[in-house]
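**Q** For reference, the chains in residue letters:
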Amino acid sequence: MSIVLIIFTALIADNIVLSQFQGICPFLGVSKKGSTAIGMGFAVIFVMAISSVFTYMVYYYILVPLELEYLKTMAFILIIASLVQIIEMVIKKYSPTLYTALGVYLPLITTNCAVLGTANTAIDVGYGLLNSFALSVATGAGFLIAIFILSGIREKIEKSDVPKCFKGFPITLIAASIMALAFAGFSGLFA
Amino acid sequence: MERLKVKDTFLNGLIKNNPIFVLVLGMCPTIAMSTNLKQGFAMGIATTFVLIFSNMFISMLRKIIPDKIRIPCYIIIISTFVIIVELVMRKYLPELYSTMKVFISLIVVNCIILARAESFASCNRTFDSIIDGLSMGLGFTLSLSVLGFIRELLTSGTIFEITIIKNFPQMQVTSAKAFGFIAVGCCMAAFNQIRINIAKKKGVK
Amino acid sequence: MTTKTKNMLNSVIILCMIATLSGLLLGCINRLTAIDPLTETLNKFNTLSGTEGTFEMLNQNDGDILFFAKSDDEIPIYAFSSKGGGGFKGTVEMYVFIKENKIFKILQGNNSETYFSKVEKANFYENFYDIDLLTAEDFSTASADLVTGATRTSTAVTNAINAAKIYYSDYIAENGSTDGGQN
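Residue numbers (the numbering used here), protein chains in the order written: chain R, 1 to 191; chain B, 1 to 205; chain L, 1 to 183.
If you are wondering where the hints come from, they were derived from the structure by calculation, not from laboratory data.
No residue lacks a Cβ here, since even glycine has one placed at the ideal position from N, Cα and C.
Accuracy of the hints is not assured; some may be wrong.
Stated by the list, open to error - Among the chain L residues that face chain B by a calculated CB cut under 10 angstroms, a handful are:
no.	residue
1	Leu21
2	Thr33
3	Gly50
4	Lys99
5	Ala122
6	Asn123
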């Protein structure tokens, strides 16, 4: 499967948040302002790109030769958690400006379903190293697009008169549903 | 005193601190797996299983695990039980497993489990932690089942895949998936409204 | 040994102990719940093809063919589990059942493709039924109109069915037909 097709499918036709419904916790939680949304989006792209390489190598060079494929979930989540710790320490030491922009969200990415979900997808479909890397970066970019659009909508909702019981998460979910319907229009695009 | 605390802990997860509608944790499997009643119920039961056992073991080991490495230890314990659920489902419920495969492995990053482990199981006795896991899990299962029931009824007129309303206009697959957001949003709003009404009644009294 | 190293050693030991215990538990459960793909697929062939006899596996993992079995009815049914590339999420797995040199049933195998419902709704499989496999040309994307909105999935399905067809023709050419002279 050509790499361009993988990238564009992951970006809009099969968007990780609006079409595969993974990564919704941070999608709802961090999208209050545009700047925080962009910070979270880039942090997710960064972590996904690096973790795709490590999970691919651990799966194919350690788990499969030892016939331990059933430990995939445990191995992947430990890799992701430790990568996030290491990345946070490295960013804190070498680039304080980057740390103030991204660093607060890094621990949240450990429990982001999108990171683990994409690692699992890349293994299930059987992509090679380059294809998995492209898939992860494109998926992260899709997450960034979705969360950025939602943050714009939420900023506008702040100024409108929402009924009391809908304030906060319910109206955000309704906005997300309209986004999902809009993106569903892309669904047959590269199929 | 002891019995009161157990009952409080048990009702805590069901209504006052309902993981989906009040704490807003664990949204990923909620929106994706509540398309029909069978999947929602199965997902809830699987999460309850992992919650109870991980709470139990983390609480039993809470005095031994050093503070610095508690997160990796919690992750290992939680993922052990998730893998057990995966393996058992793969053997005994293959059709259900093939539709739910993606989200069963994502139980390990379900915010509910890690949050309860960190906030409750690591500083309470084993028995209380088991009750807490049971109540949170049952609250999650109940909410997922209600959502699954509503969604299945409104998108294809069936319950447990038995047609209830004949000749129901079936919603398209992609729209039925986006309907999940609306269903969860409206249920959350209804829950909020009930809580506001109860608070008003209590305030007036 | 300073307290710092002692604490670190303590942490590492506890981490390793927990990891070992959970590894042992999982190893036992994996052993208990292991499934054998051969028996699984044979059972599936038995139930899905409507055969009155039982299937016997003839070959497995030969190129695009994952499983190839033959039943012991009077008119034998040949069952394939083949895979085809080019789908939306990679390869798809199809079950193809052949009787008297013609495909009479096609079902999807273990797949996580998103668009199978579209392919099935458009009755795409019927394009391949009742064609004499030994004399027809190889199936390609030109043989049947691909389903709009699921072009990649239908391409992969076509590739899988074609793989089964080619293998079947080669098998019959080598071993001859055993179903009463229908050539």
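**Q** Go through the hint on Leu21 of chain L and say holds or violated, using the shortest Cβ distance to chain B against 10 angstroms.
**A** holds (9 angstroms)
**Q** Next item in the hint list is Lys99 of chain L. Is there a CB on chain B closer than 10 angstroms to its CB?
**A** Since the shortest Cβ distance to chain B is 26 angstroms, the answer is violated.
**Q** When the nearest CB of chain B is found for Ala122 of chain L, is that gap smaller than 10 angstroms?
**A** violated (14 angstroms)
**Q** Are Thr33 of chain L and chain B close enough, Cβ to Cβ, to be under 10 angstroms, as the hint says?
**A** At 4 angstroms from the nearest chain B Cβ, Thr33 of chain L passes the 10 angstroms test, so the hint holds.
**Q** Can Gly50 of chain L be said to touch chain B, with a Cβ gap under 10 angstroms?
**A** Result: violated, 19 angstroms to nearest chain B Cβ.
**Q** For the restraint on Asn123 of chain L, tell me whether the closest CB of chain B is nearer than 10 angstroms.
**A** violated (18 angstroms)
The structure fails to meet hints 3, 4, 5, 6 from the earlier list, while all remaining hints are met.
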